[in-house]
Amino acid sequence: MYCVKCGVSLQKGIQACPLCGTRVFHPDILEDADPAPYPPYAGDETVSHSGALFIVSVLFAIPLVLCLLIDLQLHRSVTWSGYVAGGLLLGYLVLCLPLWFQRRNPVAFFPIDMAGVALFLLYLCLKTGERWFLPFALPVSGGVLLIGETVLVLLRYAVGSARHRWLYIVGGALIATGALCVLIEFLLKVAFGAGMRWWSLYPLVALVLLGIMLVVIGVCRPLRESLHKRFFI
Amino acid sequence: MDPSQHKLRWMRLDNAALIFPASLRRHWSNLFRISFTFSDPVDPARLQQALDAVAPRFPSVCVRVRGGAFWYYLEELPRPPLVAPDGWQPLRPMTRGDIRKCAVRVLYYRNRMAVEFFHSVTDGTGGMIFAKSLAAEYLRRHCGVSIPCTCGVRDPAQPPPAAELVDSFRAHAGPVAAPRDDRNVYRLRGDPEPDRFLHVTLGILDSEALRSRAKALGVTLTAYLTALLLHSLLEIQAQDMPRRKRRKPVKVQIPVNLRRLYGGETMRNFVAVANVGVDPRMGDYTLAELAQIVHHQMQLAITAKNMSAIFTPNVNSERNPLIKIIPLCVKNLILRIVFDRVGESVATVCLSNLGEVTLPEEMAPYVRRVELVLGSQASAPYNVSVTSWQGRTFVNVVRNTRRARLEEQLFTQLVRLGCRVSVESNEK
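Protein chains in written order, with our numbering: chain A, 577 to 809; chain B, -18 to 409.
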């Protein structure tokens, strides 16, 4: 087969001339393809982001070190800079740590992030000399971790080919979050002595209704298809 | 002797090799590839056996590039590299980490065996000797054929002679240093491939038809191909720059095997370049004119004395005591600047012709193709490499930009001249 534009002879089975891009076609000749001279194109290779991450790490480190130095120079001890440093470290843990890894599985990173949050809260609690960590911060963090990790595990490993299962998972998570709000109000009472005003019922009702709505949509296939037709992106 | 107790050889980089580790970029390294296509599919296990047998014979080729305090050096590999399947991307760049482990790759794909060399290790001639010896050993093991050690095939049972390991540049540097070439040459440009895909377009031509056309103009095949390349480049520049006064000189870099001028059998780099070209501001050139210009420029440039004057400045720099004591990290920066300013900017494109490949008669029936592929330049998108085998000339054009301009001009020009051109490509 020859290229009608360039006149060069082409390898069998080629789709377009490599020189001018003209489509190769002859209605009367059906050729078996020659073996390709190189293995098939497999897309872009993974690019290492370590250089950019190094720069981002340095950008995180600069305010952290500067704040600590200024605080130490002014007060001879770590006072306000501890909050800044903790916040920066927490931000780095959540935003940048996963980027150092090629496989960024949120199931693995979410507990690490929540552990970081709990540690930061513990630091705040100890630094301010108060005692709200064990009765309040720890159970709330634990509740968020439980709900979040369950959702992530189910979304990652239980959805499979039945794509609509995410509706059940998110619906269930919303209902559980509503229950967590009630727990938070109760813990506020225990830890800080606040009265039970039952404000948590409002988010509970809203979240339960939303959760039930998602579950219903998940169960009812015609409704799901109708909504998908109207709201697809 | 226990291999683990074998003392690994190490050697300084030869003069031409010094620039390549310093000029490494994240997505570019100076590589070339020599491939043999056999009549049968390659057996990876046999190829590994052949490599294991041949590697000790070439202690300057099966090496890694390590960094010292002041210079890089080559260190023999403790064990031969592993053969690997060829990927969709030929000449995938070697990173610093890669060359620190091994500066040579042996790859296989269907009937083809390919060896990719980091250019600090050896040049095209040395690479061809290694590839021939590996291919011969593979065929001995795979097909049971007895292949004599002639035509560049080395005997793996023999120890490597000292003459193969010397840096011949130092021995042949002369007292006179030639001035550097003008850097104001035409540079090809194009939209780069976003994923840095390297297009390899192979044009297969009838060697006799090419030779007869070259002979009719009274020039060699290399000069004829260079003239064709210049003609194509002039066409492209004329399309891009209609105003003649603004056009720039077009030059083609031709690597010269210095072993032919000075003798010796080193397996290290021993190559210098001759730049030939024309200035389009002087007017239009016919192919016959270009062929004559290239022929005479090559005759003038490629002499032992002139070549010596070309590589002497580099040897003098290497011998300079002040440069010697500069730490490697600083030297890298300097060499990188030197490479960017004078390494590639003196020519538009490089055309490397390894010529007619000769193989022992016993080996020839098993070999269908022998190809050379040069990697693209760091700052320019194209390079061209040529080999001939059994009446066919293989012209490989590499490109890291989207549009195939040079190869289209070059091959369609050959078609217009009445040559039959078969084109193959690794297009996505």
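Hint data in this document are derived by calculation from the structure and do not stem from the laboratory.
Among the clues, some could well be false.
Pair by pair, the computed Cβ-Cβ distance ranges are [stated by the list, open to error]:
#1 B:Arg164 - A:Ser585: 55 to 61 Å
#2 B:Arg81 - A:Val641: 53 to 59 Å
#3 B:Arg164 - A:Tyr659: 53 to 59 Å
#4 B:Arg81 - A:Thr704: 22 to 28 Å
#5 B:Ile315 - A:Gly718: 55 to 61 Å
Restricting the straight-line Cα-Cα distance to at most 30 Å, the calculated cross-link-like pairs of lysine-lysine (DSBU-like) are [said to hold, decoys possible]:
#6 A:Lys765 - A:Lys703
#7 B:Lys(-12) - B:Lys196
#8 B:Lys82 - A:Lys581
#9 B:Lys229 - B:Lys82
#10 A:Lys581 - B:Lys305
#11 B:Lys(-12) - B:Lys312
#12 B:Lys82 - B:Lys286
#13 A:Lys588 - B:Lys409
#14 B:Lys409 - B:Lys286
The structure displayed is predicted, hence computed values, not measured ones.
Glycine included, each C-beta is placed from N, C-alpha and C at the ideal position.
Q) Which of the numbered hints are not met once you compare them with the structure shown? A) Of the numbered hints, 1, 2, 4, 7, 8, 9, 10, 12 and 14 do not hold.
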